[in-house]
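Engineer: Chain by chain, the residues:
Number of protein chains: 2
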Amino acid sequence: MTEEPRRLSLNAFIYPTGHHEAAWRHPDSRPESVYDVRYFQDIGRTAEAAKLDGVFLADGPALRTDVRHNATYGLEPITLLTAIASVTTHLGLIATASTTYYEPYNLARLFSSLDHISGGRAGWNIVTTGTDKAAANFGLDAHPDHAQRYERAREFVDAVVKLWDSWEDDALVVDKKTGVYADVAKIHEINYAGEHVKVRGPFGAARSPQGYPVLVQAGSSNDGRSFAGQHAEAIFTAHQRLSDAQVFYKDIKNRAAEFGRNPDHVKILPGISPFIADTEEQAHALEREFNELTIPEYGLAQLESIIGKSLRHVELDAPVPQDLFDDAGDVADNKASRLQVVAGIVQREKPTVRGLLHRLAGARGHRVFAGTPEQVADTIEEWFTQGAADGFNVMPPQYPQGLETFTTQVVPILQERGLFRTEYAGTTLRDHFGLPRPASQYARA
Amino acid sequence: MTEEPRRLSLNAFIYPTGHHEAAWRHPDSRPESVYDVRYFQDIGRTAEAAKLDGVFLADGPALRTDVRHNATYGLEPITLLTAIASVTTHLGLIATASTTYYEPYNLARLFSSLDHISGGRAGWNIVTTGTDKAAANFGLDAHPDHAQRYERAREFVDAVVKLWDSWEDDALVVDKKTGVYADVAKIHEINYAGEHVKVRGPFGAARSPQGYPVLVQAGSSNDGRSFAGQHAEAIFTAHQRLSDAQVFYKDIKNRAAEFGRNPDHVKILPGISPFIADTEEQAHALEREFNELTIPEYGLAQLESIIGKSLRHVELDAPVPQDLFDDAGDVADNKASRLQVVAGIVQREKPTVRGLLHRLAGARGHRVFAGTPEQVADTIEEWFTQGAADGFNVMPPQYPQGLETFTTQVVPILQERGLFRTEYAGTTLRDHFGLPRPASQYARA
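So the protein lines, in turn, are chains A and B. Counted from 1, the first sequence has number 434 at position 434 by the UniProt record's numbering; the numbering is strictly sequential. Counted from 1, the second sequence has number 362 at position 362 by the UniProt record's numbering; the numbering is strictly sequential.
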């Protein structure tokens, strides 16, 4: 027998009514259900039925931009994933949470608990958060700068992993006869004292099934990539083109190797938002149908938040002014990757403002692809086999139908080609991603 | 028709293997299940089958005292209750969380989400937390003093309620045709700027089914009572004797009235930990059986943490030194109520140290009662009808059997006497407690 073939990882990135900004207006959408946990539990069931690796939730501790025209997230991601955990058995559960606006001890507890409750299916998408709106919800006048946030993030992750490691795996004794419940010699204070983070420990709970949740990361600035190379076990990234994705892929794998890590233990998962129909023409028509539901006022506000400049005076049907992106290369921020993606689109395609808004309406700078199920499978295979991706964060333009179309029409093709599992081989998210279970750093060899 | 008769509220206070400190050593206990969510989901199902108002979880952000000899909580309460919500439909879900060690915005989100996910069943037990161990997990050298913690708690609750109120109930429009998802005129910045808490808002989510979760409180110091009179909708309290409970009951109802509130909208729920058997003798024997499983080293550590003094040199079989409690009346702390309960026991009963440890082993200072199902029902009825309680926080000495015994043997007696519901009349925790749904403070009249 040869070794197991390399297999794709596929996550469903859940966005309430879909990733297309106008999805909620589509006749098939159910925007009245975005506070109904059963709606999301059904999405979880659909993802698990297709043997996806996991579901993923974005997050930020502030009201989303322009709620007037968008069906925003309303449920908090860790509680929502806990509810999805209750109706699934294998599906991975990845929640975004901020190192800037959480206390390490509190965040460590929530994710540890999700990992215990789900039997080892938790992942933490580590973000530093980049908005003044969030800062104002936490008593700060302005958002801490990018470098400071990454310094805190490094300390935060170190401290949280130490908390998760602070009970060795065999610390629980549970001997009714002698009355010894835990071996306190195997439960450690962590005494973490950084510049930004101080935590004594030990943690309040036993080590969780995966040792600790899968560490996921999404920033693509230089700080972000360095952080990813050092810490991340999975990376969500946004690329429009194969060549850009290949460069990023190689860079991250190299950085991981430089940190002494096995590059195979850093899974790189670009976003893809597929419009799927029986013919390519129908797929493009479907995309246009969604674009026609967009509201320019909303799209402009989103674009302003990406480029950080006012767009009040642009004309919708004139070409995008090139000077809007003059300093895009200098932005060292966790929005840098998205800004650069937008700058690239403008440079290559020279769209009108309305055209750019439509290009971005699909998935906020992530790659939108319209095609037949075969064509979607082809591009996934190409990126997977050509050194651009270990899998994908699938971002259906519309929920729940978009996910159902993907899972019932594209996944079977990927399975037939031997690229994607037909049954779960393990029960944890680490198993699905092919990641090892880490030993506690406090365990004696 | 006359008005509805006054009805008891009954919560099951969940403690992993039971409230008796040695419960985990009992042959019927399953201490290996305290990280298994299904174990707790079954407890939730048992509570709901008996039509209890809710379940309650204690919490503190630090490892519990002396884990060597005790099966501690391991799962984080809000996630655990979310998992219980997924397998129940009516049961209230009350989690303890600290105003000292949470950020208001984060805590507001977790409870809002629990309330949405459960369809209006969330309650928040507001604590200020009182241990240096917790402080050390949040970068502080020492715990903030009691008065400071209560000042922050007042601001924290104000700010969190404003966040929950910041979307008026009809802010969600969801009009696909016009593209208006929310009426932003009905979503308000809160601009809270206190000494300890600053939050701008608005909140990131629509108002939850109950308006906001039921506000529960447990501190019994003077600050605690004042806070309770002003804010609490339910109060968990510890009393050994009817007369003490009556004084407390009257005091809180008066304080609520002084704050302009309806005293019926403050439910007072003492703890009771019942050992139940077919005869009174058997019930006492059952209590002794548990006491014989205690480990004096563990009990002494607990007692030290209540009285704040070292007990290393006491003799187990000598009387408790009276001077240990000389300053019990002066302690203005959220442990004050428990300390005074202990001082009262020592004064009245003059026990040996071992005897006191056994008295406290049952429920950490809460009232332990051994008797037949009829006798347990009698004492509940007496306290309920004699102005000492609106209901009880039931603290089974052992889980899960202790809860099953209570629900199958005591609850039917209370139902026959017309003191307790036989069906849920509503679906929310507010419905069960008979509390009104608050209007948003931002809603225009």
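Since the hints were derived computationally from the structure, they do not count as laboratory data. Just so you know, not all the hints are guaranteed correct.
One copy or two, it doesn't matter: identical chains are merged, so the pair holds either way.
[Claimed, not checked] Computed cross-link-like contacts, EDC-like style, restricted to lysine to aspartate or glutamate with a CA-CA straight-line distance of at most 20 Å:
| # | residue 1 | residue 2 |
| --- | --- | --- |
| 1 | 250 | 36 |
| 2 | 253 | 189 |
| 3 | 198 | 278 |
| 4 | 133 | 103 |
| 5 | 51 | 281 |
| 6 | 253 | 103 |
| 7 | 177 | 292 |
| 8 | 176 | 292 |
| 9 | 198 | 103 |
| 10 | 198 | 404 |
| 11 | 176 | 195 |
| 12 | 133 | 170 |
Engineer: With reference to the structure, classify each hint as holding or not holding.
Structural biologist: Taking the hints in turn, this is what the structure says about them:
Taking CA atoms no more than 20 Å apart as the test, residue 250 paired with residue 36 passes in neither setting, with 41 Å inside one copy and 41 Å between copies. With identical chains, the CA atoms of residue 253 and residue 189 are never at most 20 Å apart, being 33 Å at best within one copy and 44 Å at best between copies. Taking the shortest alpha-carbon separations for residue 198 and residue 278, neither the intra-copy value of 56 Å nor the inter-copy value of 54 Å comes in at or below 20 Å. Both within a single protomer and between protomers do residue 133 and residue 103 lie at most 20 Å apart by alpha-carbon distance, with minima of 18 Å and 15 Å respectively.
Neither within a single protomer nor between protomers do residue 51 and residue 281 lie at most 20 Å apart by alpha-carbon distance, with minima of 29 Å and 58 Å respectively. In this homomeric assembly, residue 253 and residue 103 never come within 20 Å of each other (Cα to Cα): the closest approach is 30 Å inside a single copy and 37 Å across copies. In the homo-oligomer, the alpha carbons of residue 177 and residue 292 lie at most 20 Å apart only across protomers (12 Å), although the nearest pairing inside one protomer, at 71 Å, exceeds that limit. With identical chains, the CA atoms of residue 176 and residue 292 are at most 20 Å apart between copies only, with a shortest distance of 13 Å across copies and 67 Å within one.
In this homomeric assembly, residue 198 and residue 103 come within 20 Å of each other (Cα to Cα) both inside a single copy, at 10 Å, and across copies, at 16 Å. Proximity of residue 198 and residue 404 under a CA criterion of 20 Å is satisfied in neither setting, with 45 Å inside one chain copy and 44 Å between copies. Taking CA atoms no more than 20 Å apart as the test, residue 176 paired with residue 195 passes in neither setting, with 43 Å inside one copy and 49 Å between copies. Neither within a single protomer nor between protomers do residue 133 and residue 170 lie at most 20 Å apart by alpha-carbon distance, with minima of 44 Å and 24 Å respectively.
Hints 1, 2, 3, 5, 6, 10, 11, 12 from the list above are not met by this structure, while the remaining hints are.
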